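Chemist: Here are the chains, one letter per residue:
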Amino acid sequence: MRLLMNRLFLIFSTLAAIIGLFFLGWILFTLCAKGLTGLNFDVFTKDLIDGGLRNVIVGQIMMSGVATVIGIPVGILAGIYLQEYGGNSKSTEFLRDLSDVMMSAPSIVVGTFVYAIVVVPTGHTSGWAGVLALFILMVPIIVRTTDDMLKLVPIELREAGIAIGASKYHVTMNIVIRYAKAGILTGILLAFARVVGETAPLIYTSGSSEFWSTDLTSTFPSLTVSIYNLATMPDDEMVQLGWTGAFLLTAMVLIINLLGRYASNKKRS
Amino acid sequence: MKNMMEVQDLTFTYSGASEPSLKSISLPVEKNKVTALIGPSGCGKSTLLRGMNRIHDLYPGHQYEGVINLLDSDEKGYTDILGIKKEADLIRLRQRVGMIFQKPTPFPMTIFENIAYGLRLSGIKKRPDVQEIVEQSLRDAALWDEAKDRLDHDARGLSGGQQQRLCIARAIALKPEVILFDEPTSALDPISTLAIEEMISVLRKKYSICIVTHNMQQAARISDYTGFMYLGEMIEYDQTDTIFMTPSKKQTEDYISGRFG
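Chains as they are written, first to last, in this note's numbering: chain L, 1 to 269; chain S, 1 to 261.
Certain hints may be false.
The list that follows gives simulated cross-link-like pairs (lysine to aspartate or glutamate, DMTMM-like), each with its CA atoms no further than 25 Å apart [to be verified]:
1. 206(S) - 72(S)
2. 181(L) - 154(S)
3. 181(L) - 113(S)
4. 181(L) - 152(S)
5. 85(S) - 159(L)
6. 151(L) - 113(S)
7. 103(S) - 159(L)
Think of the hints as simulated: they come from the structure by calculation, not from any bench.
Keep in mind that this is a model prediction, so the values were computed, not measured.
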């Protein structure tokens with residue numbers, strides 16, 4: 001009987017894994033098949049208005065990049081506060097729980113929120129509004145990874161720092177952060193990968209533009225929003241461009257994730 | 001001989017605890033001698049040691065009562081280190097009273113930087129000075145020959161015993177007056193243990209040493225004075241020979257002969 005249960009369990013879990021992998025493979029296969037056919041030089045050299053994706057790729061990376069640049073110090077400092085200075089007080093626990101909740105907040109909610117506080121008052125969509133939405137999405141991820149990574153730093157290391165006459169500030173900045181560096185870097189890369197593929201927070205905030213732009217104060221080109229728009233176009237060429245965009249986005253996220261893995265593996269060795 | 005440190009009537013209570021962990025402890029640490037603290041787990045010997053450079057203060061809420069005197073640098077008087085309030089003075093205290101921990105704690109830096117870091121914090125910043133002290137400290141810690149060709153390597157690549165010697169080098173680079181050892185060899189193999197013990201017997205010529213150990217043979221081998229602690233009290237303190245050969249208290253005798261603990 002026990003042997004039978006064991007067999008059944010093995011069969012079911014294998015089946016479940018196969019089903020999961022099958023769909024994943026299907027998505028990747030379709031994406032590659034449809035995306036690669038439209039991949040050519042023009043995609044990278046022409047803007048959307050001329051049938052390329054140059055402006056939207058640059059726009060997407062720029063918005064995510066600016067959000068990351070602002071998000072890193074805020075997230076890391078908040079993480080340091082939680083782990084190094086917050087102690088075990090109620091407020092620290094509350095902030096930690098809040099970050100957890102924020103991490104799983106639906107991105108469309110964040111998009112709508114930024115729409116209400118930025119886009120409505122200013123009267124138009126803008127790159128900064130998109131940056132703000134992405135920033136709100138990524139900060140909790142950086143906070144929690146920093147918090148978790150600092151928790152892994154042995155307490156003895158902090159004491160040893162204090163014992164040679166370092167102040168708490170020096171111990172945190174020069175010893176603790178350095179010890180947790182690889183883990184924090186992984187967290188930042190994963191947070192970047194998370195926001196770079198977001199559509200919902202950008203639809204109402206940055207919108208998307210068909211033209212080349214690096215001016216964050218006006219409507220800003222976005223790859224994900226453009227994919228969404230292109231996919232619903234009646235024109236076959238447009239739909240094809242959407243597939244190519246989706247393929248490139250997937251490749252981009254995959255590479256960043258692999259980089260993150262690489263960074264955390266290097267830490268272990 | 002002069003006392004380098006004098007613990008007098010120290011009572012220490014951890015934050016949130018109802019009972020004190022140290023009860024009216026007194027202990028002299030003589031200059032250029034090795035003082036060992038022995039006793040079963042939980043007797044308070046590490047707690048006492050960690051009070052002597054106020055590392056407990058890293059966590060708020062602990063309570064000290066009593067006096068811990070440290071001989072002034074001009075050797076003319078004593079200062080009660082429990083009276084220190086300013087962060088800067090605590091930092092100065094920890095540079096004068098160094099500490100080695102149970103687990104080797106190399107900083108995530110190169111071997112060179114591990115030692116240079118503390119030097120720079122203490123105000124020694126000129127490159128030639130730093131280099132000279134790093135080399136001298138590594139020599140004093142018997143690590144120079146093994147480490148001289150890899151000073152720019154990550155210190156975490158050293159073996160456990162080497163890491164512990166690096167930590168000692170790091171402490172002596174700051175020219176402390178007292179070095180506190182908190183079970184420095186309990187995480188090491190017998191050969192590394194021997195190396196550390198030999199080093200301690202050399203270091204006593206320059207420094208005053210207080211060592212907590214679980215290993216009674218170690219206390220007997222390397223120390224001049226031994227204090228036996230039990231349940232937060234100093235049961236007996238005397239010359240090491242006396243403690244091990246003719247202890248005056250029955251509890252001490254029972255512990256040393258292995259009847260409890």
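Chemist: All hints, please: hold or fail.
Modeler: Hints, one by one, checked against the model:
1. 206(S) - 72(S): holds, 16 Å
2. 181(L) - 154(S): The given pair, whose Cα atoms are some 14 Å apart, holds under the 25 Å limit.
3. 181(L) - 113(S): Since the Cα atoms of residue 181(L) and residue 113(S) sit roughly 17 Å apart, the hinted pair holds (cutoff 25 Å).
4. 181(L) - 152(S): Judged against 25 Å, a Cα distance of about 19 Å means the pair holds.
5. 85(S) - 159(L): holds, 19 Å
6. 151(L) - 113(S): With a Cα-Cα distance of about 24 Å, the restraint between residue 151(L) and residue 113(S) holds, given a limit of 25 Å.
7. 103(S) - 159(L): Since the Cα atoms of residue 103(S) and residue 159(L) sit roughly 11 Å apart, the hinted pair holds (cutoff 25 Å).
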